[in-house]
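A.B. asks: Starting from the given sequences, assemble the full structure and let the hints guide the process.
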Amino acid sequence: MAARRAARELLLVAVLFLAYKFGRILVEGHVDEAMRNAASVWDFERLLHLPSESALQGSLLTHDFWVRAANCFYAYVHFPATAITLIWMYVKRPEIYLWMRRTLATLTAFALVVHALYPLAPPRMLTSAGMVDTGRLFGPSVYGSPSTDTLSNQYAAMPSLHVGWAVVVALALVAASAGHRWRWVWLAHPVITLLVVVVTGNHYWVDAVAAMGLLAVVLALVPRPATLEAPSIAVVAVPVQRAPEESNTSLPST
1 MAARRAAREL
11 LLVAVLFLAY
21 KFGRILVEGH
31 VDEAMRNAAS
41 VWDFERLLHL
51 PSESALQGSL
61 LTHDFWVRAA
71 NCFYAYVHFP
81 ATAITLIWMY
91 VKRPEIYLWM
101 RRTLATLTAF
111 ALVVHALYPL
121 APPRMLTSAG
131 MVDTGRLFGP
141 SVYGSPSTDT
151 LSNQYAAMPS
161 LHVGWAVVVA
171 LALVAASAGH
181 RWRWVWLAHP
191 VITLLVVVVT
201 GNHYWVDAVA
211 AMGLLAVVLA
221 LVPRPATLEA
231 PSIAVVAVPV
241 QRAPEESNTS
251 LPST
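Quick note, in the numbering used here, the sequence shown goes up one by one and the last residue is 254.
Derived by calculation from the structure, the hints in this document are not laboratory data.
Please note that a few of the clues may not be correct.
[To be verified] Cβ pair distances, simulated, as ranges:
1. 181 / 39: 45 to 51 Å
2. 178 / 216: 19 to 25 Å
3. 116 / 77: 43 to 49 Å
No experiment lies behind these values; they were computed from the predicted model shown.
Think of the CB as a built atom: it goes at the ideal place given N, C-alpha and C, for glycine as much as any other residue.
C.D. replies: Quick look at the structure:
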């Protein structure tokens with residue numbers, strides 16, 4: 001029974017990852033629209049006076065080590081970190097695993113709808129923005145040429161599932177580390193992810209904002225596991241139950 005359940009969960013998670021990976025079919029024939037949307041997003045960010053992604057990237061381009069480190073993080077951390085966290089939660093904290101899996105699945109489903117309705121080319125493709133593809137120039141790169149890459153959707157910048165998934169991973173790890181002094185350190189994961197996706201030219205700032213807004217909706221829909229509150233309730237209940245006993249033994253005998 002346990003093996004069958006594990007196999008079923010593995011299949012569900014595999015479907016989740018494949019849906020994320022093969023969303024390219026949603027934007028077939030909409031490349032021109034994706035480029036026009038990219039120009040609109042860039043102008044909108046400048047209207048809001050958001051920090052320039054090209055300026056942030058430019059400050060890093062003179063440091064080969066850090067550029068390659070950012071590329072490696074983008075290429076090798078996103079999927080493995082999510083998968084490892086899911087596996088660890090499944091084994092150690094099944095109630096958090098169920099919440100995490102449902103949250104990731106719902107967030108990904110909603111994001112795929114947005115990708116289909118609003119295809120968006122990443123800033124590394126927007127030559128007018130002055131940004132470059134750091135993966136292609138410095139390596140390693142996870143994408144081929146957009147015209148020949150059939151394994152990934154390169155026109156799905158908004159919302160950023162890199163950032164969205166990283167936040168879900170961090171929330172799950174913070175919940176699983178309840179009571180630990182350094183549990184909030186896990187929040188560094190989505191912060192680093194945000195900086196990485198921007199400096200590598202794969203996302204705009206507003207892609208992360210859109211991901212957070214979509215995640216807020218998902219968190220309102222997916223119930224949080226009640227067992228996360230159980231330890232604190234048990235601690236409070238112990239002295240309350242003993243209080244009458246202690247007061248009775250303190251009464252003087254007659």
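A.B. asks: Of the numbered hints stated previously, which ones are contradicted by the structure, given in increasing order?
C.D. replies: 3
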